[in-house]
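*Asks:* From first to last, the protein sequence lines are chains A and B. The first sequence: position 526 = 526 (this note's numbering), numbered continuously. Whatever position you read off the second sequence (first residue = 1), add 1000 for this note's numbering.
Misleading hints may appear alongside valid ones.
Label pairs and their computed distance ranges (CB to CB) [said to hold, decoys possible]:
#1 A:ILE220 x B:SER1014: 52 to 62 Å
#2 B:GLU1015 x A:THR637: 23 to 33 Å
#3 A:ALA780 x B:GLY1057: 51 to 61 Å
#4 A:ARG28 x B:SER1014: 53 to 63 Å
#5 A:THR443 x B:SER1014: 50 to 60 Å
#6 B:GLY1011 x A:GLN633: 26 to 36 Å
#7 B:GLY1011 x A:ALA430: 50 to 60 Å
#8 A:GLY484 x B:VAL1134: 20 to 30 Å
Stretches of chain A that chain B covers, calculated by requiring three or more beta carbons in the stretch to come under 8 Å of a beta carbon on chain B [said to hold, decoys possible]:
#9 166-172
#10 272-284
#11 585-599
#12 748-761
#13 812-826
Note that these hints are calculated values from the structure, not bench results. Beta carbons are placed, not taken as given, at the ideal position from N, Cα and C, and that holds for glycine.
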Amino acid sequence: MTRQVNRLDAGGAWIDRDQPLKFKFDGRIYPGFAGDTLASALIANGVKLMGRSFKYHRPRGVLTAGSEEPNALVELRTGAYREPNTRATMVELFDGLIATSQNRSPSLKFDLMAVNQLFGRFLTAGFYYKTFMWPASFWESVYEKIIRRSAGLGRAATAEDPDIYEHAHAHCDVLIVGGGPAGLAAALSAGKTGARVILVEEQPNAGGAVSPTRDEIDGIAAGAWVAQAISELDAHENVTVMTRTTLFGYYDHNVLAALERVTDHLRAAPDHQPRQRLWTIRAKQVVLACGSHERMLTFDNNDLPGVILSGAVRKFAERFGAIPGRRVAICTNNDDAYETAHLLKVAGIEIVLVADARSTLGPAGQQALAAGIRVETGILPAYAHGMQRVSGVSLQNIDGNFTEKVACDLLAVSGGFSPDVNLASQTGAAPVWRDDILGFVPTKPVARERSAGAGNGVFDLRNCLIEGHAAGLEAAKTAGAKVGRKGSAPKAVSREITAPVAVWRCPGKGKAFVDFQNDVTAKDIQLAHQEGYVSVEHVKRYTTLGMSTDQGKISNVNGIALLAKARGQDIPEVGTTRFRPPYSPVAIGAFAGHERGKNFQPTRRTAMHECHEKLGAVFIEAGQWLRPQYYPQPGETVMETIWREADQVRKTAGICDVSTLGKIEIFGTDSAEFLNRLYINGWKMLAPGKARYGLMLREDGHVFDDGTTSRLADDHFFMTTTTANAAGVLAHMERASQVLWPDLDVHFCSATEQWCGVAVAGPNTRKILGNAFGYAIDLADDALPFMGVRTFQWRGVTARIFRISFSGELAFEVNVPWRFGAAMWDAIWAAGQDHELVPYGTEALNVLRIEKGHVAGNELDGRTTAADMGLGRMMSTKKPFVGQKMAGRVGMTAPDRATLVGIKLVQETGRLRGGAHLVLDKNDANAETSLGWISSVTDSPGLGCWIGLGYLKGGLPAHEGARIHAVFPMYDEAVEVEICSPHFFDPDGERLNG
Amino acid sequence: MADLQTAAPLGEVSEFSADGGGAVLQVRPDFAMVQVFAKTGKAGELAQKLDIVSDPGKAGDTSSFAALPLSPGQWMLIADNANANTFGQEITEQISGLGYVSEQSDARICIRVSGPNARDLMARGCRLDLHPSVTAKGFCAQTQMAQVGVLIHQVSDEPAYDLYVYAGFARSFWHWLTETAAQF
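The task is simple: from the sequences and hints, build the whole structure.
*Replies:* This is the structure we're talking about:
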């Protein structure tokens, strides 16, 4: 296997050198080790160039070692598994991994779009806003296409995502976010109280920013201590440690969301295992131990590959034994970079110098000097030299005077540390600025949380452990755990720290990047200020500072500081933007989980579903239900099928599954009174054994729902609702009963699935049903008159039969318990064979009801009143009912409201369309001249022409018999129609009696 | 008794076992279920009559049925190996004058979730905290799993759960449940 040029001979706590792997980047095969990240393996192989920047297509290398990475974004895997914008620093290596660079053409090394750099002076903040202003007509045709092509990074897979994603829920007393020293100390102290503890850690291994070899905790190397702490936590039954899990959202009531990368680190997910799992965690108390993010110094050309954050260099070395260079220069404004210097020196890397921005040396600097490292004080980086990788750096003093140029192949930079206040900020706790640490820290908590460790501005290891220990105890106690012996925090020795110095812009006139991901430079922020952007929130949106996958983890503080400088203000006066979820990118698939494609919503099937399948039904989704739409015969067109079904119902008989109607059983001595208050019409006089059509309003007076409700006994009613509103009506009733009239003796529950039903309609119905039910029920007019209801026993099964009709034909609806549904269908079907029984679907049902002028969902569209539907006279004046007062408002009773009419196509050609506007003159059709609309249409076999229902201003009284136009501008159609009564067919209802 | 052919919402399906042995799903046959409502003001008397309690979230067991409180004055009574017709009639007679009975034996299916990972499987869809420190045998609740309304009854401390799901959603819910259970 090829030598990994930048891999140290030993070391690398996370890698397993006994497990060599191979992976491919941009078509070339490289070696790596199990435990590597893609970034660490590329570094080990001497690869510096990993991506191209968003706007200028500048060459970029890795900048960080964690989830804050703005530069090294790659496309991972291939085909349907392809995923763009994955951070190389977060991708765990597996054998056979394939990654590709993105945002470059034709290749990473030679990118044509890098020409954008030449136009850099034009592509400044607000470029799109300024450039693509006019002409407006160019927006869709020209500009959008250009913008879309040049914007965005990477390509999403176009095939369906083959991975499994799932959701899961967890509950705990104490949730600890972050498995660094503070988080581990908190988990140990909280875990010992017996509280239910969950610790989430984004990385595959705990430890955070602690140095496994150079730091000591409880007298042993920190790496060993971390391992010990994890095994102790694992031994606690009440503690769960979740690694590879990013806590990305902190919502109200201590509901938090986390993404667990279950099998992303594997070449392929094992059978049935999800790729990722989205956790909703409900925690009584939260400890945020999120650590901090190192900042870059803002100097010219600071985005060159090989310019890397100092702490990241250390992590690559300690975790992976990979060092991105052999000759390193270090620029810093704080003590932490000296740790990097010591570590690299021990590893045998040449340290050119440490340039410390501070004017005097503190203890850390003195130690470095003593170790033989060259340290220069009061020195800043001026310019990073090199084409696609750093080859040297020019240095300057704080006044901007050049001092020297040094050669190096790695420039490690530390611009200070920003406590990670993201999650605390999500809760609404505004961060406050601390000058002594040059960072924002969380302020007084709003939610039930507290911060500890570096995330709280505590950078000293000893103090991190003490604060973590205390936070864990306090959280457990507040959550209700019994805290006995408090124990003591894990011990570490404090280091003497010298305060960092603020250097927000190293003097220079070139491109000094603040936000690497969005190519926002120091100049862009200056420009935004000059153009009058005052609020930090506006500057963010104008310049795009702090947006995209890294959410400004590295750049925000630098940007805010530069804005403050431009405004001549202090940083606290400028403030921060509020962080919002997600903390880091989450794939849409994880949010969707199981709920995608056909599983987006659950599917509901009726008891007779298989009967319909056997008859070749085509199904339609009616809400969650699947209903037979029509039953095609070989050789028929769709319309021919629908006509045949509708025609045969009128001529012989048809059977239709009506199980999907909402059914509600209502009990109680006050049931009739309850219905009286819900429906607009009266119910008290309805006798047992009778059904009645009812209409209910919303509280605002518009029509809510309709259906037939039957009285089975004095204190027992059986209500039906429309399929669409079944759940809504039940909720409406629950509210009425629990809130408005708790004193009524009325009780109800859904019976939609307990009972399944068929409607059998047409002249042959009596013969068919009589035979099917073995004459167990007398269907004669006097035994079961129109709107009559009976319960009968059919071969030992309790059945309910209702003499009601939606089609206008002689019709019955029969209900039996679910388990007998298919048997009932089969019995009726068998009995119907001698009587030309046809199954009919929702389409024919619609034809039949439009011919009868019966309103349905299209007419009950939430904007119409009872009077609009011609049902105004149903509104009782003798009793109060829900919606009564509001229905009487001036606008609801205005004489010019559009009311229900029938519409007939009078010309030979053309058709009617739902949604068409009704106008007097087709040549003068616009919003002002529109008199109404068509709600339902059908090409009626009964009438032999297109008919429809609609709403027309003035209604029948003003327009009956008039010929006007129906226009449908989308298809440039206009047809002549006649306005008529909506009762097209059998207006006197003679057919109801067969 | 009816001589008619009956059909179950899940058809012939009766069991699913995850390959890893962590979760077992069983479709429970032949239970009878009624929803009872106490007349306004009669909840106490009715409970006494049926010898059931009305602690929210706590199912009571009598010799012949389990009583799951649904809301004040409302219970779901579930009897194993019972005839739907006769069970409803018995209860109706027992509580005559005190309350009402709605036959629900056909409205829902019952799936028993058991196995070493039963609790983990439940956590994939159930938002309620089913930790042993919170729920034990007898716990019951109405909630949603996979967008479907579910009546949960914990039937043992091991744990095992009975999930009562509306018949129309049976196949859809079973699909989600088995796909999710397969990982255990």
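*Asks:* Does each hint hold? Answer for all of them.
*Replies:* Here is what the structure says about each hint:
1. A:ILE220 x B:SER1014: 52 to 62 Å: Given range 52 to 62 Å: holds, Cβ gap about 57 Å.
2. B:GLU1015 x A:THR637: 23 to 33 Å: 45 Å, violated
3. A:ALA780 x B:GLY1057: 51 to 61 Å: Because 52 Å falls inside the window, the suggested range holds.
4. A:ARG28 x B:SER1014: 53 to 63 Å: Taking Cβ atoms as reference, ARG28 (chain A) and SER1014 (chain B) lie about 55 Å apart, which means the hint holds.
5. A:THR443 x B:SER1014: 50 to 60 Å: 58 Å, holds
6. B:GLY1011 x A:GLN633: 26 to 36 Å: About 27 Å separates the Cβ atoms of GLY1011 (chain B) and GLN633 (chain A), which means 26 to 36 Å holds.
7. B:GLY1011 x A:ALA430: 50 to 60 Å: 58 Å, holds
8. A:GLY484 x B:VAL1134: 20 to 30 Å: 23 Å, holds
9. 166-172: With 6 residues in contact (Cβ-Cβ under 8 Å with chain B), the coverage given for the segment 166-172 of chain A holds.
10. 272-284: Since 5 is at least three, the answer is holds.
11. 585-599: holds (count 3)
12. 748-761: The restraint on the segment 748-761 of chain A holds, since 7 of its residues have a Cβ under 8 Å from chain B and three suffice.
13. 812-826: Held - the segment 812-826 of chain A has 8 residues with a Cβ nearer than 8 Å to chain B, which meets the minimum of three.
Violation of the numbered hints given earlier is confined to hint 2; every other hint is satisfied by the structure.
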